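Starting from the known structure of chain A, fit chain B onto it as the hints suggest.
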Amino acid sequence: MKTARIILIYLVAALAAAVCGVLFGAARIPLSEFVQDGALNPIVELRIVRTAAAAVVGASLAVSGLVFQAVLRNSLAEPFLLGVSGGSGLGAACAIILGFSAWGFMSVPLFALLGAVAANLLVFAAVRKRSAEELLLGGVMIGTLASSLLMVLITFSHSHDMAGVIWWMLGSVQNVDPARQLVPASVLLAAALVFLLAKAGDIDLLTFGPEYAWNHGVNARTMTVLLLALASLLAAVTVSMAGIIGFCGLVVPHIVRRLHGGSHRKILIPAALAGAAFLMLADILGRVVSPVRELPVGMVTAAVGCPVFLWLLNRSRAGS
Amino acid sequence: MRRLFRFFFVFAAVCLMAACSGETEEAAPGGVVSLSPALTELICHLGREERLIARSTACDWPESVKTLPTAGDFAEPELERILAMKPALVVSNEFVNPKDADALRQAGIAVELHPCDGFDDYREWVVRMGRLLDCPAEADVELKRADARIAGFEAERKNAQTKPLRALYVIWDSPLLTAGADSLPDAVGRLAGLENIVKTEKGYPSISLEFVLKEDPDVIVWFAHGKDWKSNPSWHGIRAVQTNRVLIPRDDSALLRPGPRMFDGIADLKADLGKMFPVNEAAAP
Chain A
1 MKTARIILIY
11 LVAALAAAVC
21 GVLFGAARIP
31 LSEFVQDGAL
41 NPIVELRIVR
51 TAAAAVVGAS
61 LAVSGLVFQA
71 VLRNSLAEPF
81 LLGVSGGSGL
91 GAACAIILGF
101 SAWGFMSVPL
111 FALLGAVAAN
121 LLVFAAVRKR
131 SAEELLLGGV
141 MIGTLASSLL
151 MVLITFSHSH
161 DMAGVIWWML
171 GSVQNVDPAR
181 QLVPASVLLA
191 AALVFLLAKA
201 GDIDLLTFGP
211 EYAWNHGVNA
221 RTMTVLLLAL
231 ASLLAAVTVS
241 MAGIIGFCGL
251 VVPHIVRRLH
261 GGSHRKILIP
271 AALAGAAFLM
281 LADILGRVVS
291 PVRELPVGMV
301 TAAVGCPVFL
311 WLLNRSRAGS
Chain B
1 MRRLFRFFFV
11 FAAVCLMAAC
21 SGETEEAAPG
31 GVVSLSPALT
41 ELICHLGREE
51 RLIARSTACD
61 WPESVKTLPT
71 AGDFAEPELE
81 RILAMKPALV
91 VSNEFVNPKD
101 ADALRQAGIA
111 VELHPCDGFD
121 DYREWVVRMG
131 RLLDCPAEAD
141 VELKRADARI
151 AGFEAERKNA
161 QTKPLRALYV
171 IWDSPLLTAG
181 ADSLPDAVGR
191 LAGLENIVKT
201 EKGYPSISLE
211 FVLKEDPDVI
221 VWFAHGKDWK
231 SNPSWHGIRA
241 VQTNRVLIPR
251 DDSALLRPGP
261 RMFDGIADLK
271 ADLGKMFPVN
281 EAAAP
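As you go down the protein sequences, you meet chains A and B in turn.
Each residue of the first sequence is one higher than the one before, starting from 1 at the first, in the working numbering.
Each residue of the second sequence is one higher than the one before, starting from 1 at the first, in the working numbering.
In isolation and in its complexed conformation, chain A is listed as follows (with noise of 0.2 Å):
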């Protein structure tokens, strides 16, 4: 199929889905009460700005998911694996356990942005040889050390903190401020899709290996390090925007990359738009099986994902 083709179907399910993130809900609204007096109902902006969040974070999972799973040449990679989950953690809960959630909205995204930042840095620093696996072994360690600083915290901290850093860390969209977050990681977004479609092609020569790359005149050290530093800036904006949000990040670009082959000049649209579409369903579904309770985004990208994924596996093993 062609790659034009692809973008358009998967753009059409992305859109779809922005439209039924925007219908649907805790509350059933009549079209006709969309706009009242001249202004939005506050209901439907409170769902196009997270169905937006929803998009946003899900497109950047699944391609931060695929740069990953590329670079590392394995299927299992994600996008927090050097650390992102453990440092984001670390920060979100130092926010509110220390009591810096006090200075306002922003301090747990920022805090949690720090932290993964952070741990991020750290594993760069502390592996001398930045070759793929060592980074990989490099982010297990410091992932490790800072889920066990965050233990000790949580340890230490009152049963309401406890609470806030548990529910920070299921994930959710629900929390999002459309100027100081969802904008800047939107840019971030475009950036990231922009370099990575214009380094399509070493992408696609670093999966055969590194020597294989440098054979074929890419510098594999320098663009390794380069790709999984802006993967893991994309999870780790994404963190701090919506928590943890596991599943997305490893399913659906293992997804696309088994329906439209290895190409990632082809598959790096269409897995966006997957993620984007992904966990906009993901979240509406959070949304409407209960209406007061919201379940968390990222146990519903677990529960619905999980069994979708099995049977496409076992589909293709058919097949095969």
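No lab work stands behind these hints: they were computed from the structure.
No incorrect hints appear here.
Some chain A residues judged to face chain B by a derived CB distance under 7 Å, without partners named:
#1 42
#2 104
#3 175
So, partial list: chain B residues that the calculated Cβ filter (under 7 Å) puts toward chain A:
#4 205
#5 207
#6 213
#7 234
Computed footprint of chain A on chain B; a stretch qualifies when at least three of its residues, placed anywhere within it, have a C-beta under 8 Å from a C-beta of chain A:
#8 173-182
#9 189-201
#10 216-229
Given the structure is predicted, the values throughout are model-derived calculations rather than measurements.
We put the beta carbon where it would ideally sit given N, CA and C, even for glycine.
Just chain B now, kept in the frame of chain A:
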């Protein structure tokens, strides 16, 4: 190798010093350890403060209990410390780890656990404390005082000329944790003339902002101490926030703790609501 040995030596020395630095308190016979702030307040209110030998880190009222040593967090006993104190009785609403109660009982320490989520639980605790601390007369006085105040608030609520105000109780802002149908804030709020917008969910559920926008509460009672709703753009669409009808209780511990101060807390809440909604002033005490 030498470095490794040195590291282990330093590590072992640090562990040994940490182990030896633990405080031990000699206890008076018949002493009571309270691991619940509400029960600590009740013990003091019944005039048996001298029986208290330790408290939880959350117990901070009356001021005088702050001089007592701590024996764990709220509902989380530090077993070794309590065993060293040799108390006669440990009281709490519950234990995070229920096996802690067995460990204490095996050491010969009486453990009294009972939840305290509403007025019936409070009455039950008053009676129990009267029996356990040998002060049935004081407990009876407190029981009558509690019943009289509840009856007073109930009568004012029934005689109110206006509809109850629809309220959202915010326990935590992000994620939005609220007080559900059978919670203590729900019960005290009802006596203060409020009606909880969360009716189907019990306990302290996390709810969606969309539900709050749909329910459109008249007032938000803000228990999220130290948190700020003004800097969170998600809150700006809520009418109660736009009209500045967010009420921070004068002393949230008086409303969130099922202790003897909660009736004063309800009266304060009613008075503050009366100032915020002058139409309802007739219903205020």
